[in-house]
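> Listed below are the residues making up each chain.
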Amino acid sequence: LAKTTQPISMDSYEGQEVNITCSHNNIATNDYITWYQQFPSQGPRFIIQGYKTKVTNEVASLFIPADRKSSTLSLPRVSLSDTAVYYCLVGVLRDYGGSQGNLIFGKGTKLSVKP
Amino acid sequence: GAVVSQHPSWVICKSGTSVKIECRSLDFQATTMFWYRQFPKQSLMLMATSNEGSKATYEQGVEKDKFLINHASLTLSTLTVTSAHPEDSSFYICSASTSGRASYEQYFGPGTRLTVT
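Quick note, the sequences are listed as chains C and F, same order. When we follow our numbering, the leftmost residue of the first sequence carries the number 223, and every step to the right adds one. When we follow our numbering, the leftmost residue of the second sequence carries the number 124, and every step to the right adds one.
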């Protein structure tokens, strides 16, 4: 079971680049890394997913080193609306099997963007 | 694409009554749906996984007789909180996924706020 560790909170200012790192030391060979964003009283929203190296989409980049024991979510030029909790999940859906599955959310990182 | 809806968005019920929450995948077929619970300022906690046409798999510590899950079709799963008590007040979130994908990807609904008085 690949557990994840993230900073509890981070502060930033508008226009800055924010990097949130997630540690997952016991990641398995088939595991993917997925990041979600959650606003208060809303369901999580998919941000980005990757397996290795670097993945970029229209909202973020995901950097994964060769050993895959950590990953970094990069948010370019954040705005006030990026204030949210960000969760890192590691796993493979089809490997899920009850309490030993991979669908465990960590505590997440609360990002606060200030003007 | 990949939109999941929940109904109702919020509900208030009296202690002892039952409440049903619906989760629908609007533009894709969800062979697997997941139900989470989230208490204030806490992370999401997986309650159960349901596959279309079969019984749900509950996480340890979740009472299957209290939280009834029905995944009757590829686009609908329901969670019924039976004999609700104030401690069941929480934010319930469903997510859905399609089979046959190697990656770990699930699409979340907007959540349902349950308040038991």
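FYI, nobody ran anything at the bench for these hints, they're computed from the structure. Predicted, not measured: the structure shown is a model, and the values here were computed from it. A hint or two may mislead.
[To be verified] Computed Cβ-Cβ distance ranges for the label pairs, DEER-style: (1) K329(C) - S128(F): 37 to 45 Å; (2) F285(C) - A125(F): 43 to 51 Å; (3) G176(F) - N279(C): 29 to 37 Å; (4) F261(C) - E228(F): 38 to 46 Å; (5) P298(C) - G176(F): 25 to 33 Å; (6) E186(F) - S231(C): 45 to 53 Å.
[Said to hold, decoys possible] Which bits of chain F does chain C cover? Going by a derived footprint, with three or more residues having C-beta under 8 Å, they are: (7) 147-155; (8) 167-177.
Don't be surprised by glycine CBs; every beta carbon is placed ideally from N, CA and C.
> If you check the beta carbons of F285(C) and A125(F), does the distance land in 43 to 51 Å?
25 Å, violated
> Confirm or reject the claim that P298(C) and G176(F) have a C-beta distance inside 25 to 33 Å.
44 Å, violated
> Quick one: see if chain C covers the stretch 147-155 of chain F, three-plus residues with Cβ-Cβ under 8 Å.
violated (count 1)
> Taking 45 to 53 Å as the stated bounds, is the beta-carbon spacing between E186(F) and S231(C) within them?
33 Å, violated
> Is the hinted range of 38 to 46 Å satisfied by the C-beta distance from F261(C) to E228(F)?
At roughly 20 Å between Cβ atoms, E228(F) and F261(C) fall outside 38 to 46 Å, so the hint is violated.
> Would you say the stretch 167-177 of chain F counts as covered by chain C, given the rule of at least 3 residues with C-beta under 8 Å?
Held - the stretch 167-177 of chain F has 4 residues with a Cβ nearer than 8 Å to chain C, which meets the minimum of three.
> Does the Cβ-Cβ separation between G176(F) and N279(C) fall within 29 to 37 Å?
The hint (29 to 37 Å, Cβ to Cβ) holds, given that G176(F) and N279(C) are roughly 34 Å apart.
> The hint says 37 to 45 Å between K329(C) and S128(F); measuring C-beta to C-beta, is that right?
27 Å, violated
In this structure, the earlier hints numbered 1, 2, 4, 5, 6, 7 are contradicted, and the remaining ones agree with it.
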